[in-house]
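Line order of the protein sequences matches chains A and B.
Note that my numbering has the first sequence beginning at 1, numbered continuously upward.
Note that my numbering has the second sequence beginning at 402, numbered continuously upward.
Mixed in with the good hints, there may be bad ones.
As the list claims (entries may be wrong) - Below are the DSS-like pairs computed for lysine-lysine, each with C-alpha atoms no more than 25 Å apart in a straight line:
| # | chain 1 | residue 1 | chain 2 | residue 2 |
| --- | --- | --- | --- | --- |
| 1 | A | K340 | A | K311 |
| 2 | B | K793 | B | K735 |
| 3 | B | K781 | A | K224 |
| 4 | A | K362 | B | K735 |
| 5 | A | K225 | B | K735 |
| 6 | A | K225 | B | K781 |
| 7 | A | K185 | B | K477 |
| 8 | A | K225 | B | K477 |
| 9 | B | K781 | A | K362 |
| 10 | A | K224 | B | K858 |
| 11 | A | K224 | B | K572 |
| 12 | B | K477 | A | K373 |
| 13 | A | K385 | B | K490 |
| 14 | B | K858 | A | K225 |
| 15 | A | K331 | B | K477 |
| 16 | B | K883 | A | K213 |
| 17 | A | K362 | B | K732 |
| 18 | A | K224 | B | K500 |
Think of the hints as simulated: they come from the structure by calculation, not from any bench.
Fair warning: this is a prediction, and the values are worked out from it, not measured in the lab.
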Amino acid sequence: MVFMRQHLIDPEVCIRCNTCEENCPIEGAIEHNDDNYVVNAALCEYCMNCIAPCPTGAINNWRNVRQPYSLEQQYLWDELPASIEWADTEGTTEALEEEANQILDVAHQGSGVVPAPATAARPQINLWSQGSPAKAIVAGNYRITEAGTESDVRHIILDFGSQSFPVLEGQSLGVIPPGVDDNGKPHAVRLYSISSPRDGERPNYNNLSLTVKRIAYGEHDETKKGLASNYMCDLQKGDEVEITGPFGSTFLMPNDAAAHIVMLCTGTGVAPFRAMTERRRRMGIVGSGKTMLFFGARSASELPYFGPLQKLSGELLDQELVYSRVGAGTKEYVQDRMLKRASDLAELLEDEDSHFFVCGLKGMETGVENSFKQICLEHNMDWDKIRTTLLAEGRYHIETY
Amino acid sequence: MSTENVRVEVDYNASIPNNVALAEDRRLLKALEEWHPQYLAWWGDMGPEGFNDKEVYLRTAVGVDPKGWAVFDHVKMPDYRWGILLAPKVEGRTIPFGKHKGEPVWQEVPAEYRSMLRRLIVIQGDTEPASVEQQRHLGATAPSLYDMRNLFQVNVEEGRHLWAMVYLLVKYFGKDGREEAKMMLQRRSGNEDSPRILGAFNEETPDWLSFFMFTYFTDRDGKMQLESLAQSGFDPLSLSCRFMLTEEAHHMFVGESGVMRVLERTCEAMNEAGITDPYDVEAIRKMGVIDLPTVQRKLNFHMSVTHDLFGSELSTNAASAFEAGLKGRFKEEKIDDDHQLYDDTYPVTQLLDGQLIDVEENAIAAINGRLLDDYIKDAKGGIGRWNKMIAKLGIQFELTAPHKAFNRDIGQFSDVCVTPQGDIVEQATFEANISSYLPTESDLNYINSLMKPCYEKGQYATWINPPKVGINQRPVDFEYVKLA
């Protein structure tokens with residue numbers, strides 16, 4: 001069964017301001033009459049250029065369909081048709097999956113819909129759902145930032161026993177915190193990137209690891225705890241956790257040992273990159289592919305996996321650890337360090353074997369892109385053109401939250 | 402904050418997102434160094450009252466590409482990064498209309514049009530801080546944190562639009578420009594001694610229904626003016642306005658969805674109480690919602706007052722600006738004519754022999770009349786969508802746009818009494834019926850009685866529905882403003 005994720009505009013929310021049509025780079029992909037603005041499914045390339053500028057959010061609607069809605073149908077709508085929940089899916093369309101899909105859509109907004117790297121392994125997705133989650137047992141929960149620092153980041157190991165939960169580096173899973181919210185509904189699912197490689201945190205055991213930061217935020221003079229992250233960080237060995245997934249079929253590592261992997265991250269955004277690095281470490285150095293990591297944190301003591309990273313050889317991982325809060329005058333961010341490695345990055349940008357991955361807070365995207373732009377400018381290269389090629393070939397992936 | 406401090410602390414290139422090479426432009430930097438602290442002082446005096454120390458979930462434009470111009474975060478309004486951003490330049494662009502049509506666009510101010518151009522920019526620029534001043538008390542009665550956030554977003558973006566115009570003044574108009582930029586911060590909405598330039602911008606925005614109506618109807622005038630200036634042969638003005646239009650869309654949204662949510666709440670409340678007659682005002686008001694006839698009268702007021710902002714339908718000033726290539730028509734590029742209009746006519750409604758009749762006039766003279774007609778067509782779109790919603794909820798009531806001759810002080814109809822339906826009547830008749838045309842004191846008192854702050858996260862006042870979707874995919878109960 002072939003499904004298409006069709007991009008649609010909600011006529012009840014849209015104010016017909018023409019901003020989407022103005023920002024759309026493809027002539028005719030968005031059009032309008034006196035009634036509605038509509039998306040042409042045959043032309044839309046999911047570049048997402050229209051999403052952020054839309055003042056209403058009407059633009060951000062998606063339906064899984066077998067046959068896309070025609071322009072004529074869309075013009076007649078006063079409201080969007082209800083989502084159809086297909087019974088016989090190849091695993092793309094249960095309601096709960098829509099929830100995970102939406103989270104990933106937001107996370108991937110920076111790049112839009114990008115294909116997986118050409119040599120990535122084929123991922124398994126949606127094996128476990130909210131209706132019938134996998135039940136994992138906590139095999140370990142370790143703090144990996146220095147005690148006493150503000151960042152409490154945990155390395156949590158989950159064991160799946162005899163349940164099948166095959167994953168690839170870059171994929172995520174869903175955690176359902178127990179209990180109900182203020183409205184008596186079950187809590188929404190949270191997605192976490194898996195930080196161990198495909199053969200398990202411990203090779204050939206049916207387990208995996210997550211990298212979770214304890215979230216606290218201020219509200220009305222009191223400090224509130226992030227519900228899911230605190231639930232995760234407080235887990236004890238032996239506890240049972242309900243898990244959905246795996247999810248994600250594009251942010252995946254290339255299998256090709258000749259592929260260069262450039263990883264840019266902050267904080268727990270390192271999770272998929274720990275998985276990729278560990279995968280390469282276990283494979284041994286077998287190809288010409290470089291593995292490069294730009295990793296930003298406030299300080300070394302708050303950088304997840306600082307210790308283990310020190311043990312990796314430069315030959316395996318070319319690492320740039322960047323700190324934004326050490327002493328006066330030394331504030332540095334990932335984008336700054338990128339400029340210091342401009343000539344290496346320029347060379348990699350031109351290399352058809354290079355793959356670039358960004359993972360971390362939404363705020364880092366702009367800085368990273370600006371640095372790429374500047375590096376290109378200095379090396380007489382056209383970033384916009386390179387970016388388009390990278391995206392089209394599945395060699396540039398952004399997952400931010 | 403003293404002026405000295407500002408000079409020391411502000412790294413202009415970092416604090417002012419820009420794509421005009423600000424750091425390299427010493428003259429511009431110097432001018433802004435002087436203006437910037439004055440602007441912040443103005444914001445402190447005349448910006449949103451009482452909320453400058455609160456964190457608001459705002460959208461900041463840091464670049465003009467689709468990714469760069471919608472960065473969301475909680476920020477305090479005085480720390481908002483007001484940027485100077487121009488839409489990307491179109492290589493080889495030529496003047497699209499007027500007597501210079503086809504010539505390359507101007508990158509510098511053409512000497513012969515200097516004062517005309519300055520006037521256009523000053524008039525546009527003056528409306529931006531004016532609306533911030535008009536709306537400064539509204540935070541105190543916000544119907545939700547979501548609405549409060551939308552108000553403040555509109556306010557900071559009006560502030561940025563002032564920046565955009567001030568940039569043009571100080572960059573291209575030397576000493577006069579700097580003087581005008583200063584004056585922008587000295588005029589005050591509603592001040593008798595130094596009022597804002599246009600009449601409608603000297604009225605206070607007293608309540609939230611007025612705010613929604615203002616953003617829907619009056620900001621739409623701003624949109625039409627920006628659309629016309631975006632056509633300009635003076636390229637920096639065109640590029641400035643083109644980028645401002647993307648932000649202006651948010652203001653249209655706040656107005657359209659705001660009125661929609663008010664109407665929806667009223668209709669739902671009527672249905673819940675089993676009231677079918679929309680004119681059963683007493684029963685409807687008892688439920689703490691705004692009756693539809695009152696909404697119609699508010700609509701009549703705001704739309705007709707906005708009609709005046711377009712100026713005289715037949716105008717020599719507008720004709721000169723068009724001929725000079727400084728200010729074009731709405732969607733000029735989509736109009737199929739010679740864009741010079743020497744031999745063209747345009748129908749302008751006029752009072753002849755006691756009747757309202759369309760008379761073919763010289764098309765250049767009728768530029769304002771045409772823009773007004775385009776505005777009316779644009780504004781009617783949303784009214785139609787409001788009506789669809791009312792019909793969907795099964796209430797027999799239809800909102801209508803008042804006739805363009807109704808309640809006018811400027812232009813063809815300033816001396817005639819015309820009903821919202823477009824009938825010419827005696828002044829006495831008009832005055833006898835005015836309470837069914839325009840909001841009465843009791844309407845306004847009633848609306849005012851509903852204006853109680855609703856500051857709890859996820860709570861909305863009795864007279865307005867929550868929105869269908871939140872901002873930037875956040876839920877409707879998100880903490881859009883951190884009041885604690």
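Here is how each hint holds up against the structure:
Restraint check for K340 (chain A) and K311 (chain A): satisfied, since their Cα atoms lie roughly 23 Å apart, inside the 25 Å limit. For the given pair, K793 (chain B) sits about 34 Å from K735 (chain B) by alpha-carbon distance, which is inconsistent with the 25 Å threshold. Taking the CA atoms of K781 (chain B) and K224 (chain A), the gap is near 46 Å; set against the 25 Å cutoff, the hint is violated. With a C-alpha separation of about 38 Å, the suggested pairing of K362 (chain A) with K735 (chain B) is violated against the 25 Å cut-off.
Of the pairs offered as hints, the one joining K225 (chain A) and K735 (chain B) is violated, with about 54 Å between alpha carbons and a cut-off of 25 Å exceeded. A C-alpha spacing of about 48 Å is found between K225 (chain A) and K781 (chain B), which places the hinted pair above 25 Å, so the restraint is violated. Of the pairs offered as hints, the one joining K185 (chain A) and K477 (chain B) is violated, with about 34 Å between alpha carbons and a cut-off of 25 Å exceeded. Of the pairs offered as hints, the one joining K225 (chain A) and K477 (chain B) holds, with about 23 Å between alpha carbons and a cut-off of 25 Å not exceeded.
With a CA separation close to 39 Å, the supplied pair K781 (chain B) and K362 (chain A) exceeds the 25 Å bound. Taking the CA atoms of K224 (chain A) and K858 (chain B), the gap is near 15 Å; set against the 25 Å cutoff, the hint holds. For a cut-off of 25 Å, the pair hint linking K224 (chain A) to K572 (chain B) is broken: about 48 Å separates their Cα positions. The hinted pair formed by K477 (chain B) and K373 (chain A) fails the criterion: a straight-line CA distance of about 30 Å is larger than 25 Å.
The straight-line distance between the Cα atoms of K385 (chain A) and K490 (chain B) is roughly 18 Å, inside the 25 Å bound, and the hint therefore holds. Annotation: proposed proximity of K858 (chain B) to K225 (chain A) holds, straight-line Cα distance about 17 Å (limit 25 Å). Between K331 (chain A) and K477 (chain B) the alpha-carbon distance is near 23 Å, which keeps this suggested pair within the 25 Å criterion. Restraint check: the Cα-Cα separation between K883 (chain B) and K213 (chain A) comes to about 23 Å, which is no more than 25 Å; the hinted pair holds.
Between K362 (chain A) and K732 (chain B), the direct Cα distance comes to roughly 36 Å. Violation of the 25 Å bound is thereby established for this hinted pair. This hinted pair does not check out: K224 (chain A) and K500 (chain B) have alpha carbons roughly 65 Å apart, beyond 25 Å.
Checked against the numbered hints listed earlier, the structure breaks hints 2, 3, 4, 5, 6, 7, 9, 11, 12, 17 and 18; every other hint is satisfied.
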